Amino acid sequence: MTQENTAMLKINNLQARVENGTPILKGIDLEVRPGEVHAIMGPNGSGKSTLCQVLGGRDGYEVTGGTVEYQGKDLFELEPEERAREGLLLGFQYPVEIPGVKNIYLLKEAYNAQRKHRGEPEADTFQFLKLVREKLQMMQMDESFLHRAVNVGFSGGEKKRNEILQMLVLEPKLALLDETDSGLDIDALKVVSEGVNKLRSPDRAIVLVTHYQRLLSHIEPDFVHVLSAGRIIKSGDKTLAQELERSGYQGIIEEAA
Amino acid sequence: MSANALSQHYAEQLRQVRDGLPAELPEWLAGRRRGAAQRFADAGFPDPRQEEWKYTNVRPIATKPFATTATDVPVASDALAGLGFEGLDAYRMVFVDGRFRAEFSDLNDLPEGATVQSLSAMLGGDAARLEPLLGTLAHDRFSSFAAANMAFMSDGAVILLGKGVRLERPIHLLLVGAAGSPATWSHPRILVQAAEGAEVTIIEHYADLEGASGFTNTVTELRAEAGAQVRHYLVQDHADSAYHVGSVFVQQRRDSRVTSHNVNLGGRLVRHDLNIDLTEPGSEIELNGLFLVGGRQHVDTHTRVHHSSPHTTSREQYRGIGQGHGRGVFKGRVLVERGAQKTDAQQHSANLLLSPNAEIDTKPELEIYADDVKCAHGATVGQLDETSLYYLRSRGIDAESARGMLVFAFADEVLERMELAPVRTSIERRLAARLPEAGAMDVIG
Ligand SMILES: Nc1ncnc2c1ncn2[C@@H]1O[C@H](COP(=O)(O)OP(=O)(O)OP(=O)(O)O)[C@@H](O)[C@H]1O
Ligand SMILES: [Mg+2]
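These protein sequences, in sequence, are chains W and Z.
Residue numbers in the first sequence follow the numbering used here, run continuously in steps of one, and reach 266 at the last position.
Residue numbers in the second sequence follow the numbering used here, run continuously in steps of one, and reach 689 at the last position.
Hints listed in this document are in silico derivations from the structure and should not be mistaken for laboratory results.
As the structure is a prediction and not an experimental result, all values here were calculated from the model.
Hints should not be assumed to be uniformly reliable.
Now the in silico label distances, taken between C-beta atoms and shown as ranges [claimed, not checked]:
1) W:Glu86 / Z:Pro600: 23 to 33 Å
2) Z:Lys607 / W:Met147: 42 to 52 Å
3) W:Ile195 / Z:Pro600: 43 to 53 Å
4) Z:Leu327 / W:Glu131: 43 to 53 Å
5) W:Leu87 / Z:Gln627: 21 to 31 Å
6) Z:Gln627 / W:Asn29: 18 to 28 Å
Ideal Cβ positions, reconstructed from N, Cα and C, are used throughout, including at glycine.
Let the sequences and hints guide you as you build the complete structure.
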């Protein structure tokens, strides 16, 4: 089997619920191969963020069935930090504010954790700053953001830019971006999309959760999936997103029922 | 009769003080010291039945036979070197067991109009200047400890700044305890007067030499006259076996500004009282505090901010971290008097419990007798935020480092208000070393 045919992420009949709560994910199947971009769309509350958080390893969710393989390994065997170091990075729908921890400090710790994991020496401060400045520029962010506490007092759009800044520095193999486009103005959407497009490469994959076709005109997906009530009810190519934009979810949901 | 009545041991020490006051002592001072001795003899040590001492039983102090020292103990100067703040360019006064040690001190190049001396030297010379300053803010009736300090007073620091005198370099008062058998108690007194428009930074810094486990009972009286600016650092970095009670009294006049940084890292049993009186319009105080309690440490801080004049401002932020079996107490009282209109008082106390056996009590107390005021307060005791932890982990940072980062960040939000970088950096290091989970922090940016 060649590299291209091997799934990077293989989700098989995944079921999950909030701990001791009602089921949210009711059997998800999804395969993501290197080089691909997948978009996941779906109504509010359908389970998109839950899927992302379960893949990220957040406490408070319980996997009640199914399997997830990431690069051939059982994903659930890995701690959240191990998943990240193995290249699975989650862009949060609601990035967390962390008072007192400077952005640059988080970036450096995260960057070095990854290097250490790969058996590489820690980056020296000078080299690292150079790298970060480059990425800042791509995101059209002012250098002052480095010295501010992580996301504290950032506007909604600035938080999203910051998520992508982290991605550009950490270069994930699989980026899971949960509504990274929400709350962005038209120019910011372009900047963020360009940032995401920089991550595209034959050996990386991207999963975008979005409500808007607009993002997908900047970042062309190879596949579009519709998640509804905890299941993927329809998959297609980018034209599916255009169809949704025109006629909404109702028709598809009824068709699937 | 107090449950912590004076033991035979202390009653005897007091009697010796009362009977043995030196003949050359100015009458006003002899009178004050005799009065204080009487007060201490009558009151004994504070008792947990007293509201102000509810959370802190000083029985371990009351039952130990601490001795006073009358001679200079030998100290190697390199033993002191490790206690300082790396890179700090400051005037320096060193005290060992409460006694001023000129050989370790450096008061060269003081500008005209600045008097910085040991209390003992001052009393041997220009004692009359101290009559209005010594024991006039710190009344014996404030607490038995303040009375004991006056009764047993032997030395301390006097810092008097004339009108408009600005000290470019801070004054570092390093008060260290030495190992001794029996352990000693010392009663340093620090007097500060910043006249109109004067400016000074004072670091009141307590530490211990190897093996010390004494008791330091200090009183600081600080006056900021009109337009004066005083930055006061109170750094308690004693050995974990040491005892410490400190009372600070601040009186502020028109448009004066005082900043207080109170950091508690060490000590077995520690009590601080900070009493601020904003007596004239435009006076402003900023109080920043941090305490870390681990092991079996007990640290109790009481602050009282008295807005006795209109148009006065106080900003207070205290943070506590409890680990191990540590016990912390913060009680912050803000009193706005009738007529103190346009008072602006904010107080916030945030506390972090890192262990199920640690305990922190926080108690804000607002008493407001004026109607046109802006007062806010808040107090929290909680654990590390799970969502923040997860966010850091989701970036590849292991759980332990993530915890360390968050705890350190919590503390650093107080420390970063310190203007003196060498002091701040050095405290950050000592703090990190005391937080097992923080590991070696390499703080950049
Ligand atoms: N921790 C939780 N506790 C209780 N309910 C939860 C929790 N997390 C998710 N849910 C519920 O699970 C469902 C799916 O939520 P999720 O956030 O995954 O939706 P989503 O598809 O991302 O929606 P949106 O488009 O609004 O972001 C919702 O009904 C939500 O209320
Ligand atoms: Mg969502």
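For each hint, the structure was consulted:
1. The beta-carbon spacing between W:Glu86 and Z:Pro600, approximately 29 Å, falls within the hinted interval of 23 to 33 Å.
2. About 50 Å separates the C-beta atoms of Z:Lys607 and W:Met147, a value consistent with the hinted range of 42 to 52 Å.
3. The hint said 43 to 53 Å for the Cβ distance between W:Ile195 and Z:Pro600, and at roughly 51 Å that hint holds.
4. Restraint check, Z:Leu327 to W:Glu131: a C-beta distance of roughly 32 Å breaks the suggested window 43 to 53 Å.
5. Taken as a hint, the range 21 to 31 Å holds for the pair W:Leu87 and Z:Gln627, whose Cβ atoms sit roughly 25 Å apart.
6. Z:Gln627 and W:Asn29 have their C-beta atoms about 21 Å apart, which keeps the hinted 18 to 28 Å range intact.
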